[in-house]
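Colleague: Letter by letter, the chains look like this.
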Amino acid sequence: MAHDWQPDFEQLVDEHQSMVFSLAARMTGDRGLAEEIAQDVFMELDRHLGRIESAAHACFWLRRVAMSRSADALRRRRVRGVDLWVEMEEHHGSPAEGRSSPLGSRLEQLLATLPEPQRAALVLRYQEDLTPEEIAATLASPVATVKSHLQRGLKLLRAKAANHLKEYVRGI
Amino acid sequence: MEFEPMEEFEQQLREALERRPAPPSLKRKLMASRRAERPATPMPAWQRLAASVALAAVLGGAVTWRHVEERRKGEAAREQVLTALRITGHALDQINTQLAAHSRAPQE
Amino acid sequence: MHIRNMTFILATSILAAATMAAPARAQTVQLPAPPPVEKELAARASNVTEVTLGKNMLAFAAKFMNGKDKDDESTRQLIQGLDGIYVREYEFDKEGQFSAEEIEQLRKYFETSEWSPLVRERERKGGEATDVMVKLVNGEVHGMFILEVAPKELTIVLILGPVRMEDLGKLKGLGGLGALGDLEKSTKAKDKKGGAQ
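Residue numbers (our numbering), protein chains in the order written: chain S, 1 to 172; chain B, 1 to 108; chain Z, 1 to 197.
Careful: at least some of the hints might be erroneous.
To be verified - Here's a subset of chain B near chain S, in silico, CB distances under 10 Å, partners left out:
no., residue
1, Ala16
2, Leu17
3, Leu26
4, Met31
5, Arg34
6, Gln47
7, Leu49
8, Arg66
9, His67
10, Val68
11, Glu69
12, Arg71
13, Lys73
14, Ala101
Stated by the list, open to error - Stretches of chain Z that chain B covers, calculated by requiring three or more beta carbons in the stretch to come under 8 Å of a beta carbon on chain B:
no., segment
15, 43-53
16, 92-100
17, 155-162
Since the hints were made in silico from the structure, they are not lab data.
Just so you know, even glycine gets a beta-carbon here, dropped at the ideal spot from N, CA and C.
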C-alpha cells in the first residue's frame with residue numbers, strides 16, 4: 001500500500017520516548033524496568049517500521065505495544081499482592097521533578113497499588129487523555145469493560161487518596 | 001470520609017500523571033544498538049543501487065546486473081540473520097529471567 | 001551478566017546430558033519443513049516473523065558481514081559452520097489464540113530422539129511454558145531448540161550445527177535489549193525488604 005508519509009526512526013524516538021517511558025514506568029512502578037521496556041518497544045518499532053502508515057498510526061502502535069510489553073513484564077515478575085508503592089519508595093530515590101504537592105506524587109504511587117486493568121485504564125485516560133473508545137482500541141478490550149475499570153479505578157484511587165491525606169494531615 | 005469534587009480530583013490526577021522525560025540513556029542506547037546492527041551507510045539501499053547503476057553507465061562499462069543483484073540479496077540475507085539472532089537473544093533473556101525467578105522462589 | 005548465567009546453566013546441564021546420551025554419528029543435517037500447525041498459528045497472529053536460513057544461505061550472508069565491525073564479526077563467528085537457523089515469532093492481539101494441543105504438536109514435531117531436554121518449565125495458571133533442548137553429537141552441542149510460550153506470544157528457535165556457548169553470550173549485544181541487571185537488582189532489593197506484605 002503506497003502512502004506519502006515516510007517514517008523516520010530517530011524522529012519517532014524523539015517524539016514519543018517520554019510517552020512510552022512514562023506508560024511503562026506507571027504500569028510497572030520501576031524506572032529501570034521501564035527504560036528496558038521502552039528500549040524493547042522501539043527496537044520492535046524498528047523491525048516493523050515498514051508497516052507503519054502514518055504519524056497517528058505510529059503513536060497508536062507505540063502505545064499499544066508499550067502497554068502490552070508492560071503487562072508482559074509485570075506477569076514475568078510475578079508480583080502478587082505486593083503493594084507496589086513500597087517498591088517505588090525503594091526505586092525512586094530522587095524526588096519526583098516538578099511536583100507541586102506531596103499529594104500529587106503520592107497519587108502516582110497510589111496508582112501503582114490499583115489492580116492492573118484499572119491502572120492501565122487510568123494511565124491511558126489521565127496521562128494520554130484518551131477517550132474510553134480509544135483506550136478500548138489500545139488495550140483490545142470492550143468499551144464497556146474500559147468504562148467499568150475507569151469508574152472503579154477512579155473511585156478506589158480517590159478513596160485511597162482521601163485516606164492518605166488524612167494521615168498526611170495527621171502527621172504534620 | 002470527605003471527598004473533594006470529582007472534577008478537582010481528576011485534574012489533580014492529570015497533573016500527577018504528566019509524562020515524565022525519558023532518561024537520556026534510552027535514546028543513546030537505542031541509536032547505538034541500531035548502528036551496531038547496520039553498517040553506517042550514507043544512503044538507503046535503493047539509492048546505493050541506483051548510484052551503482054548510474055556510475056557503471058557513466059563509465060561506459062557494462063552494467064553487471066548479477067553483481068548488483070547479488071549484493072542486494074546478500075544484504076537481505078544478512079538482515080535475516082540479525083533478525084533471527086535478535087529473536088534468539090530475546091528468548092534466552094526471558095528464559096534466564098524465569099530461571100532466576102525460580103531460584104529465588106523458595107524465599108517467597 | 002544474565003546471558004552468561006544462562007550459558008553456564010546450559011553448559012553444566014550439557015555435561016550431565018552428555019554422559020547419558022548415546023554417541024551419534026555426525027552427519028549433514030537439514031532444517032525440517034515447517035510443521036502444518038505453524039500455518040494456522042501464523043494466520044491468527046497479528047505479527048509474524050519467520051526466518052529460515054540453510055547452510056548455504058548462512059554462508060552467503062556471512063560474506064556480507066563487515067569484518068571490521070565488531071558485532072558483525074561476532075555474528076559471523078556464531079553462524080560459521082552452522083547447518084541452519086529456523087526462527088518463528090508469533091505475536092497475538094489477545095490471549096487464547098492458540099491451544100495447549102497446538103503447542104504440544106509443535107513440541108512433538110521437533111522433539112525427535114536425538115534431542116535431550118535441558119529446561120522444561122510450565123506455569124499452569126498463566127499457561128506459560130519454556131522448553132530448551134539440545135542435540136548432542138559425541139558429547140558436543142550440535143543443535144539447540146527453544147520453545148517459549150507466553151499468553152500472547154510464541155517463539156520457536158532451532159539452530160542446527162555446532163553451537164558454541166560463548167558465542168551465544170554475544171547475542172545480548174546484537175539484540176540491543178539492554179541490561180536486565182536493573183531488574184535483577186530491583187528484585188534483589190525487594191527480596192531484602194521481605195517480599196509480599
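Colleague: All the hints need checking, so say for each whether the structure fits it.
Modeller: Going down the list of hints, with the structure as the test:
no. : hint    : in the structure
1   : Ala16   : holds (4 Å)
2   : Leu17   : holds (4 Å)
3   : Leu26   : holds (5 Å)
4   : Met31   : holds (7 Å)
5   : Arg34   : holds (6 Å)
6   : Gln47   : violated (13 Å)
7   : Leu49   : violated (17 Å)
8   : Arg66   : violated (27 Å)
9   : His67   : violated (26 Å)
10  : Val68   : violated (22 Å)
11  : Glu69   : violated (21 Å)
12  : Arg71   : violated (20 Å)
13  : Lys73   : violated (18 Å)
14  : Ala101  : holds (6 Å)
15  : 43-53   : holds (count 3)
16  : 92-100  : violated (count 0)
17  : 155-162 : holds (count 3)
The structure fails to meet hints 6, 7, 8, 9, 10, 11, 12, 13, 16 from the earlier list, while all remaining hints are met.
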